[in-house]
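Visitor: Top to bottom, those sequences are chains A and B. Taking the numbering used here, the leading residue of the first sequence gets 3, the next gets one more, and so forth. Taking the numbering used here, the leading residue of the second sequence gets 269, the next gets one more, and so forth.
Treat the hints with care, as some may be off.
Across the chosen pairs, the derived CB separations fall in these ranges [to be verified]:
{"#": "1", "chain 1": "A", "residue 1": "Ala181", "chain 2": "B", "residue 2": "Gln365", "range": "45 to 53 Å"}
{"#": "2", "chain 1": "B", "residue 1": "Lys387", "chain 2": "A", "residue 2": "Pro102", "range": "33 to 41 Å"}
{"#": "3", "chain 1": "A", "residue 1": "Lys37", "chain 2": "B", "residue 2": "Pro390", "range": "34 to 42 Å"}
{"#": "4", "chain 1": "A", "residue 1": "Glu184", "chain 2": "B", "residue 2": "Ala302", "range": "32 to 40 Å"}
{"#": "5", "chain 1": "A", "residue 1": "Ile29", "chain 2": "B", "residue 2": "Asp341", "range": "46 to 54 Å"}
Since the hints were derived computationally from the structure, they do not count as laboratory data. Here the structure is a predicted model, which means the values were calculated and not measured. Yeah, the Cβ is synthetic: ideal placement off N, Cα and C, and Gly gets one too.
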Amino acid sequence: MKTIFFLFLLFFTVAFSPIIHDKGYDIGDVATDFKLENIDGNFVSLSDFKQAKGFIVVFTCNTCPYAVAYEVRIEALNKEYAPKGYPVIAIMPNNVQSKPGDSMTAMQKRAKEKGFTFPYLIDADQSIYPQYGATKTPHVYILESTDKGPVVQYIGAIDDNYKDAALVKIKYVQNAVDALLEGVTFETHKTKAIGCSIKI
Amino acid sequence: MKYLVLLLIFLNLSCKSDKKAPVILEVHDFAGVAPYLELEGSKTYVVNFWATWCAPCVKELPHFETLQANYKDSVEVILVSLDFPHQYETKLKPFIQKHHLKSKVVVLDDPDMNSWIPKVNPQWDGAIPVTLIYNKSKRMFYSRTFTYQELETELKTF
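Using the sequences and the accompanying hints, generate a full structural model.
Guide: Structure follows, in C-alpha cells:
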C-alpha cells in the first residue's frame with residue numbers, strides 16, 4: 003500500500019511539476035503568417051496586406067474582463083495606425099467549447115456592437131497562438147515587415163493601466179509603433195501584461 | 269392566513285440574511301500586498317491569485333479552502349483577488365459570502381501591472397490563476413491549476 007502511495011506521489015510530482023512553457027517568439031524572431039477566418043467569413047493572412055509596414059497583432063477575446071477593458075483602446079490603435087501602415091489584427095485564441103461566449107457568432111456580435119474596424123480572426127484549431135507564445139488575452143505582438151518576413155519588435159501590454167485609459171502614463175504599443183515608423187530605436191520591447199489565460 | 273404565512277416566511281428570510289456578517293474587503297496596491305508574499309512565520313504560505321470572473325480560478329478555489337481546513341496549524345492560505353473595483357459589491361463580496369470563504373482574502377488593485385507582475389515572480393506571464401507556495405526554506409511558483417490531490421502533494425514537498 004505504501005509503495006502504491008509513493009508511486010502515486012511520484013506520478014503526481016513528475017506529471018504535474020511546474021510546467022515550463024514553450025516560450026514562443028522573442029524579439030527579433032520572424033513571425034509565422036497564418037490564414038484565419040475573419041468575422042466577415044473571409045480568411046485573412048498577413049501577406050494580404052501588401053502595403054503594411056507592420057502589424058499590431060492582438061490576441062484578445064469577448065469574455066475576459068481585461069480584454070473588454072481594452073476594446074476601445076484596441077479600436078483606437080487601429081484607427082490611428084492602420085492608415086500609417088500598422089493595422090491591428092485581432093486574433094481570438096480561446097477554445098469556444100470551453101468559452102461559448104467567444105464563438106464566431108459572439109465575436110461577430112461584439113465587433114458590430116463595438117464598431118471594430120480591424121479584422122477579428124478566430125484561431126479555430128488553436129495552432130497559431132502557441133507559435134507566437136501568447137498565453138493570455140489581451141497579449142500584443144508588434145511585427146515589423148522586413149525582407150525576411152514579419153519580425154517581432156514588441157511583446158506585452160498595450161499600456162500601463164488596464165483599468166482606466168485616462169490614467170495611462172506609458173503607452174507601450176504607441177511608443178513602439180511611433181518609433182518603428184520613425185525608424186528610430188526604442189527602449190521597451192517587452193512588458194508584462196495581466197490577462198486571462200487562453201482557454202484550451 | 270396565507271398572507272401571514274408569507275409574512276412569516278419573509279421575516280424569516282430577512283432575519284437569515286441579517287445574520288450574515290458583512291464582508292469587509294482588504295484592498296491594497298502592490299506595495300500593500302507584497303508583505304503577504306514574504307511572511308516570515310513558521311507556517312507554509314499558499315498564495316493564490318484569482319478573480320471571480322476567472323472560471324479556472326473559481327473551479328480550483330474549493331481545494332485551497334479544503335487545504336486550509338485540513339492543515340490549519342501548519343498552512344496559511346491567502347487568496348489574492350484581482351477583481352475589478354466596480355465589481356467588489358456586485359461580484360466579489362457576494363461570492364465570498366456565498367462560498368463562506370474561510371481563507372484570508374486580500375484584494376490587489378494596482379493597474380500598473382508591468383511594474384508588479386515580475387515582482388511576484390519573474391516567470392509569471394500575467395495570466396491567472398497562479399499560485400505561490402513558500403516557507404522559510406523553499407519557494408515555488410505555479411502557473412497552473414490544481415486538483416486537491418495535486419495541491420496536497422505539492423504542499424508535502426515543503
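Visitor: Of the hints given before, which are not true for this structure?
Guide: Nothing - there is no hint that the structure violates, so all of them hold.
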